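**Q** Here the protein sequences line up with chains A and B, keeping their order. Throughout the first sequence, residue numbering follows the working numbering, covering 261 to 424 in sequence. Throughout the second sequence, residue numbering follows the working numbering, covering 1108 to 1246 in sequence.
Calculated from the structure, these hints are not laboratory results. The model shown is predicted, which means the values in this text are computed figures rather than measured ones. By construction, the Cβ of each residue, glycine as well, lies at the ideal position given by its N, Cα and C atoms. One thing to keep in mind: the hints can contain errors.
As the list claims (entries may be wrong) - Cβ pair distances, simulated, as ranges:
id	chain 1	residue 1	chain 2	residue 2	range
1	B	1209	A	274	51 to 57 Å
2	B	1199	A	405	15 to 21 Å
3	B	1112	A	369	28 to 34 Å
4	A	385	B	1209	15 to 21 Å
5	A	267	B	1130	32 to 38 Å
6	B	1211	A	338	19 to 25 Å
7	A	293	B	1113	31 to 37 Å
8	B	1121	A	372	42 to 48 Å
9	B	1211	A	264	28 to 34 Å
10	B	1174	A	381	33 to 39 Å
11	B	1112	A	334	51 to 57 Å
12	A	410	B	1113	31 to 37 Å
13	A	273	B	1123	29 to 35 Å
14	A	293	B	1165	37 to 43 Å
What the hints assert, rightly or not - Sample of chain B residues at the chain A side, in silico, Cβ under 8 Å:
id	residue
15	1116
16	1203
17	1232
18	1240
Unchecked claim - Which bits of chain A does chain B cover? Going by a derived footprint, with three or more residues having C-beta under 8 Å, they are:
id	segment
19	296–302
20	371–377
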Amino acid sequence: MVTALALVRVASLFAAVMLTGIYSLLTAALFVLLDAVDVAFTEAAVGAGITTVLMLGTLALLRAGPEVCESPHGRVLPLASVLLTGAAIVYATFDMPRLGDPQAPAHRHVAPRYIEQSAAEVGPPNIVTSVLASYRGYDTLGEVAVIFTAGIGVMLLLGGRRKG
Amino acid sequence: MRRNPVVGEFSDLLIPAIVLFGLYVQFHGDFGPGGGFQAGVIVAAGVILHALVHGLDRTQSRLPPRLIRVLVALGLLLYAGVGFVALLGGGNFLDYDALAADPLAGQHLGIYLIELGVGITVAAVMIAVFYAFAGRRGP
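Only chain B is shown next, with the shape it has when bound in the complex (with noise of 0.2 Å):
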């Protein structure tokens, strides 16, 4: 694969600033545009990006298909088992209000979880499904 230095370098300036506005947005999702499923995206990119430059087996050997399969994975048990704290907690399943002493401090801690859980489950899925596609050599 041709190198071209000027792009090489401009996103190993951009990619750590695309990863950290991923997580700003899955942070920030209570108090302005974005959430889980944004943020997921947009790390992916990050990824993709590096994957793009730099070549898929060096992307690969820092973050092998094993682990993006086990967050694939990951994301949604995180969720599900929020819901089923809520249950062995007292309440219906996914219901907040039943994760700590204070309501309005269970649905924080609810939402900020099952936020994070929707991150993970969508990066991967995204990363995944792009190493699956540009892992395969052509016909």
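Okay, chain A solo, but in the shape it has when bound (with noise of 0.2 Å):
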């Protein structure tokens, strides 16, 4: 929270930059909180690691210095804007089951299956692996496709010039 009120506030690019590594990293510390481990292993990984790596990459592309544009609506459109869509969604959460709620309708789907039959039908200790890898097989085939074609993507746009 602190740190997001300061990534607000900050005018250096590079601390904003530094700020958002923090945030991913305390985010991550929050997930491990929640016993979310391969969550928080994969955020403290791409968000506080490789999403850095690559904004500073920007920055340093981008020499000149940030350009401070006043928006043509002053401030109050953007602040009211704000306002509005963070209360719909902290409205939205009053709906949502208490935290480790049994009865929440996350948990009375295919997740007891998961729980009782995987290490039968699949074999791993880890539940995490054995719903990505073959109960959701599929999705995962999707997600990789994304990372594929981001990444040709980024090479198509960026790597265009170098003769590799």
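Assembling the complex is the task here: the two chains are given apart, and the hints tell you how they should meet.
**A** Okay, structure coming up:
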């Protein structure tokens, strides 16, 4: 929370990139507290690590300093839209089941089968791996295809001038 | 590029450990947190650290962009290939039970191979994106 506020207030882009990295690391710690170790791992590696390096690389490409531009609508309209969206999101969380509620819909559909049967049906002790790689193997294939496409897109956009 | 001997020596010690940890995360994902995605990112982080310390040219002479481009596609091909092998074995697409006589052994082999595919593609894409960013000269 403090990091996010500092992120909004800070003027230097370098400091902002560092703060996003710190924010990702703190989010990873939050995921660990919620027992989502696999997600925390990813957040720490991608959010705090790779993204920060890529942002710094972008900053190095933009040698000119940041251009501060005033919105033609002044500050009222952006503030109002941010507050409205934030209020809508907070309102939506009121419908969420309590954290760890065993009767929550997410825990009553396929999750019991994963927990009870995955050792016999798939094998690995890490149920997250069983779900990602086996039960939802098709989804994961799609995710890899998305990463592949994104990589190809960046190479086409940025890598064209060099002859590899 | 200014070379700092302390940074250089220390990261030379660190990079093999990072890549080794990446491989551990890759192949231990069945038992602990981790898997192909995280492992790919960690291995890519090791390569990026090498490029940051020793300069992009030395990294690219060891890991040429051409090889990285091949690896980007290879991981996805491996993943999809496992799916088609399962089809040929009489199962559904990506049904690892059909990969071996024993369903559990088939599942194990299938997960092992597709996680490897995920790891290869993720690591190669991250390195390729970094190459693309770092290889450009500023305006």
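**Q** Next, verify each hint and record whether it holds.
**A** Hint check results:
1. Judged by the Cβ atoms, the range 51 to 57 Å given for residue 1209 of chain B and residue 274 of chain A holds: they are separated by roughly 56 Å.
2. At about 19 Å, the beta-carbon gap between residue 1199 of chain B and residue 405 of chain A stays in the expected band of 15 to 21 Å.
3. The supplied range of 28 to 34 Å is broken by residue 1112 of chain B and residue 369 of chain A, whose beta-carbon atoms lie about 58 Å from each other.
4. Between residue 385 of chain A and residue 1209 of chain B the C-beta distance comes to about 18 Å, which sits within the given range of 15 to 21 Å.
5. Between residue 267 of chain A and residue 1130 of chain B the beta carbons are some 35 Å apart, a value that agrees with the proposed interval 32 to 38 Å.
6. Distance hint for residue 1211 of chain B and residue 338 of chain A: a CB-CB separation of about 56 Å, inconsistent with the stated range 19 to 25 Å.
7. Between residue 293 of chain A and residue 1113 of chain B, the C-beta spacing of about 35 Å keeps the proposed range 31 to 37 Å intact.
8. For residue 1121 of chain B and residue 372 of chain A, the hinted distance range of 42 to 48 Å is satisfied, since their beta carbons lie about 43 Å from each other.
9. Between residue 1211 of chain B and residue 264 of chain A the beta carbons are some 46 Å apart, a value that contradicts the proposed interval 28 to 34 Å.
10. Between residue 1174 of chain B and residue 381 of chain A, the C-beta spacing of about 38 Å keeps the proposed range 33 to 39 Å intact.
11. Judged by the Cβ atoms, the range 51 to 57 Å given for residue 1112 of chain B and residue 334 of chain A holds: they are separated by roughly 53 Å.
12. For residue 410 of chain A and residue 1113 of chain B, the hinted distance range of 31 to 37 Å is satisfied, since their beta carbons lie about 36 Å from each other.
13. Here the CB-CB span from residue 273 of chain A to residue 1123 of chain B is close to 33 Å, well matched to the stated 29 to 35 Å.
14. Distance hint for residue 293 of chain A and residue 1165 of chain B: a CB-CB separation of about 41 Å, consistent with the stated range 37 to 43 Å.
15. With a least beta-carbon distance of about 21 Å to chain A, the hint placing residue 1116 of chain B at the interface is violated under the 8 Å criterion.
16. Interface hint status for residue 1203 of chain B: upheld, as the beta-carbon distance to the closest one in chain A is roughly 6 Å, under 8 Å.
17. Because the smallest distance between the Cβ of residue 1232 of chain B and any Cβ of chain A comes to about 3 Å, under 8 Å, the interface hint for this residue holds.
18. The beta carbon of residue 1240 of chain B comes within 4 Å of a beta carbon in chain A, closer than 8 Å, and the hint placing it at the interface holds.
19. For a cut-off of 8 Å, the count of residues in the segment 296–302 of chain A with a CB near a CB of chain B stands at 5, and the three-residue condition holds.
20. Using a Cβ-Cβ cut-off of 8 Å, 0 residues of the segment 371–377 of chain A lie near chain B, which falls short of the minimum of three, so the contact claim is violated.
Hint check: violations occur at hints 3, 6, 9, 15, 20; the rest are consistent with the structure.
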